[in-house]
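Chain A is already provided as a structure; the job is to place chain B on it using the hints.
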Amino acid sequence: MLNNITIGQYYPVDSPVHRLDPRIKLILTIGFIVSVFLAQSFSGYVLLFAFIFFVSRLSRVPFRMLLKGLKPLRIIIILTFFLNLFFTQGENVWVEFWIIRITREAFLQALFYSLRLIFLVAGTSLLTLTTSPVALADGLEILLSPLKKIHFPAHELAMMMTIALRFIPTLLEETDKIMKAQMARGADFESGNLISRARAMVPLLVPLFVSAFRRAGDLAMAMESRCYHGGEGRTRLRSLKLTRADLIACLVVAGFIALVVCSGLFLPF
Amino acid sequence: MPIEVRHLTHCYSSGTPLSTVALDDISFRIEDGEFIGIIGHTGSGKSTLVQHLNGLLKPSSGEVLIDGEDLNGEHTNRRLLRQKIGLVFQYPEYQLFEETVAKDIAFGPKNMGLSSAEIDERVRYAMASVHLDYDKYAERSPFELSGGQMRRVAIAGVLAMQPSVLILDEPTAGLDPRGRDRILSMLEELHASGSVTILMVSHSMDDMARLATRLLVIADGKLVATGTPREIFAQSEMMTSIGLDVPEAVHLCRELRNRGMDIPPDLYRTAELKDAILQLWSRRKEGPAC
Numbered sequence: 000m001l002n003n004i005t006i007g008q009y010y011p012v013d014s015p016v017h018r019l020d021p022r023i024k025l026i027l028t029i030g031f032i033v034s035v036f037l038a039q040s041f042s043g044y045v046l047l048f049a050f051i052f053f054v055s056r057l058s059r060v061p062f063r064m065l066l067k068g069l070k071p072l073r074i075i076i077i078l079t080f081f082l083n084l085f086f087t088q089g090e091n092v093w094v095e096f097w098i099i100r101i102t103r104e105a106f107l108q109a110l111f112y113s114l115r116l117i118f119l120v121a122g123t124s125l126l127t128l129t130t131s132p133v134a135l136a137d138g139l140e141i142l143l144s145p146l147k148k149i150h151f152p153a154h155e156l157a158m159m160m161t162i163a164l165r166f167i168p169t170l171l172e173e174t175d176k177i178m179k180a181q182m183a184r185g186a187d188f189e190s191g192n193l194i195s196r197a198r199a200m201v202p203l204l205v206p207l208f209v210s211a212f213r214r215a216g217d218l219a220m221a222m223e224s225r226c227y228h229g230g231e232g233r234t235r236l237r238s239l240k241l242t243r244a245d246l247i248a249c250l251v252v253a254g255f256i257a258l259v260v261c262s263g264l265f266l267p268f
Numbered sequence: 000m001p002i003e004v005r006h007l008t009h010c011y012s013s014g015t016p017l018s019t020v021a022l023d024d025i026s027f028r029i030e031d032g033e034f035i036g037i038i039g040h041t042g043s044g045k046s047t048l049v050q051h052l053n054g055l056l057k058p059s060s061g062e063v064l065i066d067g068e069d070l071n072g073e074h075t076n077r078r079l080l081r082q083k084i085g086l087v088f089q090y091p092e093y094q095l096f097e098e099t100v101a102k103d104i105a106f107g108p109k110n111m112g113l114s115s116a117e118i119d120e121r122v123r124y125a126m127a128s129v130h131l132d133y134d135k136y137a138e139r140s141p142f143e144l145s146g147g148q149m150r151r152v153a154i155a156g157v158l159a160m161q162p163s164v165l166i167l168d169e170p171t172a173g174l175d176p177r178g179r180d181r182i183l184s185m186l187e188e189l190h191a192s193g194s195v196t197i198l199m200v201s202h203s204m205d206d207m208a209r210l211a212t213r214l215l216v217i218a219d220g221k222l223v224a225t226g227t228p229r230e231i232f233a234q235s236e237m238m239t240s241i242g243l244d245v246p247e248a249v250h251l252c253r254e255l256r257n258r259g260m261d262i263p264p265d266l267y268r269t270a271e272l273k274d275a276i277l278q279l280w281s282r283r284k285e286g287p288a289c
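Chains as they are written, first to last, in numbering that gives the first Met the number 0: chain A, 0 to 268; chain B, 0 to 289.
These aren't lab readings, by the way, just hints derived from the structure by calculation.
From a predicted model like this one, the values you see are computed outputs, not experimental measurements.
Treat each hint with caution, since some may be false.
Said to hold, decoys possible - When the alpha-carbon atoms are kept at most 30 Å apart in a straight line, the in silico DSSO-like pairs for lysine-lysine are as follows:
#, chain 1, residue 1, chain 2, residue 2
1, B, 221, A, 176
2, B, 109, A, 176
3, A, 240, A, 148
4, A, 70, B, 57
5, B, 102, A, 179
6, A, 240, A, 147
7, A, 179, B, 221
8, A, 176, B, 83
9, B, 83, B, 221
Said to hold, decoys possible - Computed footprint of chain A on chain B; a stretch qualifies when at least three of its residues, placed anywhere within it, have a C-beta under 8 Å from a C-beta of chain A:
#, stretch
10, 44-58
11, 153-166
Stated by the list, open to error - Using C-beta positions, here's what the derived DEER-type ranges look like:
#, chain 1, residue 1, chain 2, residue 2, range
12, B, 273, A, 131, 53 to 63 Å
13, B, 112, A, 193, 19 to 29 Å
14, A, 168, B, 115, 36 to 46 Å
15, B, 6, A, 57, 45 to 55 Å
16, B, 74, A, 131, 46 to 56 Å
Just so it is clear, CB atoms sit at the ideal spot from N, CA and C, and this is done for glycine as well.
With the rest of the complex left out, here is chain A (with noise of 0.2 Å):
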């Protein structure tokens, strides 16, 4: 019923990309994410495309894999492109009739709105689809703990991160299972209307919700008896290091960031 939900969606396989340290990842995607905010002009976005191209053609995930991660946001986008096609001024007028009025400017500017999301999202889930949730968050804790000195609790993030992804397809199964007990007995979660519906979800939330605190208090008893003590003088089993391939990934996109700027500046279109 409810396995078709995919969340931290991360694509098993093993690439060069993968392989790529989890810390550089992220710094690279956040470089990423600048560099399509730099992009001004045609050339930009067609450089940013070909990257996107060239980064999943290595990670070896499939091109409909991040086409997928766009589905939802579809109408996010349709309606950015609308919405500034419609209502940005501009002097080079195409159409104009009634109050509907759509000018060069207007197109360009949708487009590149929308292709500018698209990017965003396609960008970010690279990261997501070549990345297991776990490295993500030990890059992460990492990459925050300098913030450590000001008391932040970049560990404690981290491990709630972790345990968060780790507990979602236990969750899900739950629900799942509760609610065929409960369709069982007759409940019913399809019909009626919001206020008899939202009813119909008590008998489905609050056992939903007792299986959490138990598995949680459980989980907390576990991890207490093998002496978790949070973050304080942790090693871990693996130890993050950078090879050579973390710093040609940095160079490439270190220059594709310059290309960018340079098509901004220099090139006519």
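Chain B in isolation, oriented as in the chain A frame:
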């Protein structure tokens, strides 16, 4: 309400690389008043099978006929049939949600649209069936009961719908011996009353030996054997080969025969083995010393 399953096949996530066949061409028929035991190794498809019997899962192919009516037919009222075929899931105590025991048990009858007098009567009947004292427990919160009591409340919640067929998926899993015995004797009484056909999924061969009138043995999604417990437990090699065991009594019976004791070869219930041994014992006492 006889249940007939014809060529039932079920694939999980069919059409994807993760496709797995959970049930493979299963056919059987259950008559009124039987106590069916479904046994099989973990992951053999038992739970998938029982979820088909009240329409919570749809077969990939094949059909389930309840009283001659196709459960997944277009005009079938599945909600109505679900009231006739009560399904108690594994660890049913995790589905409790109401403030009081009585309210939780009333959930099923309420969904059936019964009058409040009738609901009250059903709650009392169901609590009596699972040996929970109405005056003592009806107004307590189900969350403050013991594990065994919670499970009995959950079973009462299904019994309150007065189904003609009761399906239980491992009703004794994770209970202490006393809680387990309570559930089993409750099922025994229920079956003896003659009003309910019972299907029970279990790992415990001893429970099956005690209660079942017929066994369905499932391995790798296939129905490999069906017959009375006596017939099934006589084939201990087959049972071992699919990762199942036979009741303790069968082992003991064989061991005693190997050592030359004169007892029948096909005993499988602890009680009947005990009787046979006692009989032998008293005969020895009376007869010439050996």
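Okay, the hints, checked on the actual structure:
Between residue 221(B) and residue 176(A), the direct Cα distance comes to roughly 24 Å. Compliance with the 30 Å bound is thereby established for this hinted pair. Proximity of residue 109(B) to residue 176(A) is assessed by CA-CA distance (about 21 Å); at most 30 Å being required, the pair is judged to hold. With a C-alpha separation of about 23 Å, the suggested pairing of residue 240(A) with residue 148(A) holds against the 30 Å cut-off. Restraint check for residue 70(A) and residue 57(B): the C-alpha separation of about 28 Å stays at or below 30 Å, so the hint holds.
With a CA separation close to 19 Å, the supplied pair residue 102(B) and residue 179(A) stays within the 30 Å bound. Proposed proximity of residue 240(A) and residue 147(A) is supported: the alpha carbons are some 21 Å apart, at most 30 Å. The hinted pair formed by residue 179(A) and residue 221(B) meets the criterion: a straight-line CA distance of about 24 Å does not exceed 30 Å. The straight-line distance between the Cα atoms of residue 176(A) and residue 83(B) is roughly 20 Å, inside the 30 Å bound, and the hint therefore holds.
Taking the CA atoms of residue 83(B) and residue 221(B), the gap is near 26 Å; set against the 30 Å cutoff, the hint holds. Restraint check on the stretch 44-58 of chain B versus chain A: 3 residues with Cβ-Cβ distances below 8 Å, three needed, restraint holds. Given as covered by chain A, the stretch 153-166 of chain B passes the check, having 3 residues with a CB less than 8 Å from a CB of that chain where 3 are the minimum. Between residue 273(B) and residue 131(A) the beta carbons are some 57 Å apart, a value that agrees with the proposed interval 53 to 63 Å.
A C-beta distance of roughly 21 Å is found between residue 112(B) and residue 193(A), which places it inside the suggested range of 19 to 29 Å. For residue 168(A) paired with residue 115(B), a C-beta distance near 41 Å keeps the hint of 36 to 46 Å intact. Remark: the range hint 45 to 55 Å for residue 6(B) to residue 57(A) is upheld by a beta-carbon distance near 48 Å. Range check, residue 74(B) to residue 131(A): about 49 Å between beta-carbon atoms, so the 46 to 56 Å window is met.
When each numbered hint is compared with the structure, no violation occurs for any of them.
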